[in-house]
Amino acid sequence: MSKGNINNNFRFDAVLALTVHDIKNSLLLVMDKLDNDKVLKQLGIDHPIEFKYEIRRINNNLVKLLTLYKMGENQYTLDEQEYNIDDFLQELLLEYHSLCEEKQIQLSCECYSQDMVVLFDKVLISAVLNNTIGNAFRYANKQIKVRVQEREDFVKISVLDDGVGYPHAFLDGQEKGHSIDMYNGATGLGLFFSKMVAAMHVHAGHAGYIELSNNSELGGSCFDLYIPRMNFSDFTL
Amino acid sequence: MDLKNSRVIVVDDFSHMRTSVKQMLLESGVTDIDLASNGEDALVKLSTKMYDIILCDYNLGEGKDGQQVLEEAHYKNYINAHSLFIMVTAENTLTQVLGALESQPDDYITKPFTRDALAFRLNKLIERKNRLHTVYDAIEKKNYIQALALCEQELANKPKNMLDLIKMSGDLAIRAKDYAKAVQIYQRVLTIKDLTWARFGLGQSYFLQKEYKKALKIFTDLLEDNPQYIHAYDWLSQCYEMLGDNKQAQEVLAESINLSKKSLLRQRRLGEVALKNGENEVAARAFRSAIRQGNNSCFREASEYVNLANILVEEKKPMKAITFLKEARKDLRDKPNEVIQAMIVEASAYNEVHKTKEALKALSDASKIEGQFSGRIDDKHILKLAESHLKFGDTETGNALLRKVAKNHSEEDKYLVEIQKKFGVIDDLQSILEENNKLNHRGITLVEQGKYVEAMELFEQACQGAPKNCSFNLNLAQSCMMQIDKDRHNEVLLAKIQGILEQIADFCSHDKRYQELLFKYKKLLHKK
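Heads up: the protein sequence lines correspond to chains A and B, in order.
Quick note: the first sequence uses our numbering, first residue 967, plus one each step.
Quick note: the second sequence uses our numbering, first residue 6, plus one each step.
Honestly, I wouldn't trust all of these hints.
Claimed, not checked - Result set (DSS-like, lysine-lysine): computed pairs, CA atoms no more than 25 Å apart in a straight line: (1) B:K163 with A:K1122; (2) A:K1111 with A:K1161; (3) B:K134 with A:K1004; (4) A:K1122 with B:K165; (5) B:K9 with A:K1004; (6) A:K999 with B:K27; (7) A:K1122 with B:K27; (8) B:K218 with B:K163; (9) A:K1161 with B:K198; (10) B:K134 with A:K1088.
If you're looking for bench data, these hints aren't it; they were derived computationally from the structure.
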């Protein structure tokens, strides 16, 4: 590759970063306005929920887009850090509580992990869960449940709803071992992304994965994300 | 600390963003909120008021970016170990690109965020700082040995944030210059999980133990898996340099500069390595960039000015060189160790154009500074200064400076041999050594007689005359320890030992006795 090419790539990266920065600034401003009752009154918006939901979707897609771009350019390296799973989910679900309240959906979180610490790339796992909870929010009637369980070498995070469930094509593709690909549209992309992110988390010969099913205990779809656990409890200095 | 009573500053170049974030904080009950619109503005505000929380956007438009604000604020002690510095980013992969060892933000928060999410995160971070208050207290006092000991105690309780503490311990072991411990910590982490920070830490520890080949392998492998990890390039190039492969060192540096544009340090190092490789053109370009990027930075040093000036003198442009050196005097005025170097080169540049009067003036200015900051000036600069004085025929000043350096050393260390080789045997150099030896013997005899207090007094006095003498300092520390052993626990003495070990770490840390005393000191801390 000639020197000129390298410089072009570099500048392109910088421009991309600046653009994303700018979009994110805009999103934060709009989000802030939508959280402000006074502003909503002035604008005559009675039900900001649609807007709020779409803003989150834009942001989530932006994150996906940027991550996929970096992966394509071989620039993404997994940034695995240690998180307390309770804290992580509590923070993630914060913004959904008000959304669900407005749509009269009951959002509950069951954590059986007893402050378990898990190593993962926060941005990627957040993107996966935001995508899934966002979908649940769209299709649920009255209930969404997020649940954390320990499953041998994995921590299992499940998102359940009482909606109509996944289309059969999704579940079939999964059984045949096909990658869930793009022809299923936006949801297909979300699943493709989730699958990839899960698989990037590897520990002691175990790779993360996802499982989709219908007829969950709430009656609708069930999304299970498995992330390999590791144990530092025997560590001494 | 709690959120409501925290003093907060929000740094963002976008005015709507500043007011938005301020509004969020107000709604969360914070009342003391200041705003800054760019890095320079932020640093001015940070210099006049102590903040508990700094919420700083990474991307601040023209001028300094968030990382530079953090580094300068750290360097100038505008923030301390108890403050929370939170980098606001739009991107998520920055953590790997940024963050030198000493200048990592406490956390990153990604835009966009809501009021609730911000408050939640801030509260969690405050909770963590409060939980580890004693550790941060020790860090603030630069007592890294104690901080590490406290971390170990915490870890023994198997808390939920194990890895957080393990990571901190590795970092503290390096800062305490206990490299063997650091290696051990990182290796144990790596047996459980192949984590980039642990690999990086292990590489650093090997390097600091002078195990350059081992370090080289670690950094090479790390970069193969993770080519964006910019700090690994810096260390890798240093490994090559230490192993004598300057060509490769230069190549690696050039690569890292391609990845990161704002890098005074890297440009300087590129210049220095290119100079060794005889590539003056590359070197001159790098030094010029370094000077440009050093504009208003607290990290500039004499190196870029002096080296560029030397190249210019070599190119028969001494007057141009002098212009840069005059600039250096101004730019480096608050750094005595740096400004002295510039003045010495200024003298030799004047000498090139036969302006002896100006040359002597520059030298006498340098000597004045040396006298003014006695004890703080590096021996190698004093030697250079002595050499220049001798060259201009001022034997008296030259020899006086040499004696000053000699006092800081003992017979067995190679420094004196080098001085003697370079300058010939000065009549009283031998007597200085003998005097040093006598003092040491007298002190050691006192120790053997169990008269520790007297020994302490003797070594203390010896250190005053030769503040950087390893032997005196180590003997002083040892006498203090013997006194503690004899007379039970003593906080004042313990603090004294810590002060000595810290003060001499830079020039004695590779001394075997230093490591032994460090080990003993840690045992004493545990007993407590």
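Consistency of the hints with the structure:
1. Under the criterion of a C-alpha separation no larger than 25 Å, the hint pairing B:K163 with A:K1122 is consistent with the structure, at around 23 Å.
2. For the proposed pair A:K1111 and A:K1161, the alpha carbon gap of about 21 Å is at most 25 Å, so the pair holds.
3. In summary, the hint linking B:K134 to A:K1004 is not supported, as the alpha carbons are separated by about 36 Å, beyond the 25 Å threshold.
4. A threshold of 25 Å between alpha carbons decides the hint, and for A:K1122 with B:K165 the separation of about 19 Å falls inside it, so the pair holds.
5. For the given pair, B:K9 sits about 24 Å from A:K1004 by alpha-carbon distance, which is consistent with the 25 Å threshold.
6. Restraint check for A:K999 and B:K27: satisfied, since their Cα atoms lie roughly 13 Å apart, inside the 25 Å limit.
7. Of the supplied pair hints, the one linking A:K1122 and B:K27 is violated, its CA atoms being roughly 38 Å apart against a limit of 25 Å.
8. At most 25 Å may separate the alpha-carbon atoms for a hinted pair to count; B:K218 and B:K163 exceed this at roughly 35 Å.
9. Restraint check for A:K1161 and B:K198: the C-alpha separation of about 22 Å stays at or below 25 Å, so the hint holds.
10. At roughly 21 Å between alpha-carbon atoms, B:K134 and A:K1088 fall within 25 Å of each other, so this suggested pair holds.
Taken one by one, the earlier hints fail for this structure at numbers 3, 7, 8, listed in ascending order.
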